[in-house]
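Undergrad: Just so you know, the sequences run in chain order Z and C. Numbering that gives the first Met the number 0 puts the first residue of the first sequence at 0, with every later residue one more than the last. Numbering that gives the first Met the number 0 puts the first residue of the second sequence at 0, with every later residue one more than the last.
Don't take each hint at face value.
Capping the alpha-carbon separation at 20 angstroms, the derived lysine to any residue pairs in SDA-like fashion look like this [to be verified]:
(1) Z:3 x C:78
(2) C:17 x Z:77
(3) Z:3 x C:12
(4) Z:3 x C:79
(5) C:3 x Z:152
(6) Z:3 x C:37
(7) C:3 x C:111
(8) C:3 x Z:9
(9) C:165 x C:188
(10) C:17 x Z:3
(11) C:17 x C:1
(12) C:3 x Z:13
Which chain Z residues stay away from chain C? Per the calculated CB distances, all over 12 angstroms, these [what the hints assert, rightly or not]:
(13) 2
(14) 3
(15) 13
(16) 21
(17) 59
(18) 144
(19) 158
(20) 162
By construction, these hints were calculated from the structure, which means they are not laboratory data. Given the structure is predicted, the values throughout are model-derived calculations rather than measurements. Backbone N, C-alpha and C define an ideal beta-carbon position, used for all residues, glycine too.
Protein chains: 2
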Amino acid sequence: MNLKLNYCNQCGATVSHKIPADDNLPRYICDDCGNIHYQNPRIIAGCIAEWENKILLCRRSIEPRHGLWTLPAGFMENNETTIEGACREAQEEANADVIDSRLFCMFSIPHISQVYMMYLGQLKNGKAHPGAESLEVDLFNEQDIPWDELAFPVITETLKLYYADKLNNNIQVHNGEIIREQNNLIINHY
Amino acid sequence: MNLKLNYCNQCGATVSHKIPADDNLPRYICDDCGNIHYQNPRIIAGCIAEWENKILLCRRSIEPRHGLWTLPAGFMENNETTIEGACREAQEEANADVIDSRLFCMFSIPHISQVYMMYLGQLKNGKAHPGAESLEVDLFNEQDIPWDELAFPVITETLKLYYADKLNNNIQVHNGEIIREQNNLIINHY
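Please work from the sequences and hints to get the whole structure.
TA: Here it is, written out as structure tokens:
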């Protein structure tokens, strides 16, 4: 799953893939300056934005999953918090101000080295319109959620947890994982 | 906070720091092949390992904070889950098997582009001994926690939350941030 590296981004020399001293995993190491180029999972921060009894979904204008529906979410940037990342994505994808957010669920997806952190907040004034990465944005009641047209399994799982918690009138914080085994995805909740 | 890059790790050409088309933040972009080198926050996964009424701490044998006490924690690796990362760190730093873990707290630390995810689990058989990165490991009662010799503010905050929850007999999931303003650290809980 690591990206293959060919050159050192510090000195421009070639790199070798080997286990550093005092380590137990292979890393790309510069053949000249010795710099070790670690690679780590990335965080995707996003949110469920509520307005009255509806939630905000965005229809993707970009690949992957062009044309399918998703919760606003995207790669967390350096120098921001997870909640700032979640709110920024709602702003970028749906011009939506999301307030009063709380952590709702966190999923590890190890085969793609991603960790999703999804917040639950309120869509300020109920206002949203498509950003550059969205074909359209809309507010959905539970019975209108396009379950067969959701972009990613983690979005489906997040929404299932949300409506289950709503049914029980008990919003919790959830943690789980989405594992790929052969061609199947296995979803575990801790 | 981004690492300065000089060369493209794919083709070895020089890179320039500029805002890509359809983006709003500067990135390092290869002057030849055009590869965009994104940089994102890293996750530190760790745990509170309980045994009877005590918890496991490790005294660091490495910099930073050599000689100070910490909870087992370290950078999450590609292709693992957060809980696997937390348990692996307990194994590496304290030869400790941690079981029955649940998410306890998550802190963003934006000035160093880190996100801590701390689990709460049980130390199997109460057994631990120092790994390569620890001078010693020990089990502590609350009254014996070396508060003035803890390695990182996020460790202090995690332990404060833990003992507050224990006092209330109500272990929750916590989310917060540690922000640096001038020379002060501000801790916010959402």
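Undergrad: Evaluate each hint against the coordinates.
TA: Do the hints match the structure? See the list:
| no. | hint | in the structure |
| --- | --- | --- |
| 1 | Z:3 x C:78 | 15 angstroms, holds |
| 2 | C:17 x Z:77 | 16 angstroms, holds |
| 3 | Z:3 x C:12 | 16 angstroms, holds |
| 4 | Z:3 x C:79 | 18 angstroms, holds |
| 5 | C:3 x Z:152 | 35 angstroms, violated |
| 6 | Z:3 x C:37 | 15 angstroms, holds |
| 7 | C:3 x C:111 | 14 angstroms, holds |
| 8 | C:3 x Z:9 | 8 angstroms, holds |
| 9 | C:165 x C:188 | 18 angstroms, holds |
| 10 | C:17 x Z:3 | 24 angstroms, violated |
| 11 | C:17 x C:1 | 13 angstroms, holds |
| 12 | C:3 x Z:13 | 18 angstroms, holds |
| 13 | 2 | 8 angstroms, violated |
| 14 | 3 | 8 angstroms, violated |
| 15 | 13 | 8 angstroms, violated |
| 16 | 21 | 7 angstroms, violated |
| 17 | 59 | 14 angstroms, holds |
| 18 | 144 | 26 angstroms, holds |
| 19 | 158 | 20 angstroms, holds |
| 20 | 162 | 20 angstroms, holds |
Checked against the numbered hints listed earlier, the structure breaks hints 5, 10, 13, 14, 15 and 16; every other hint is satisfied.
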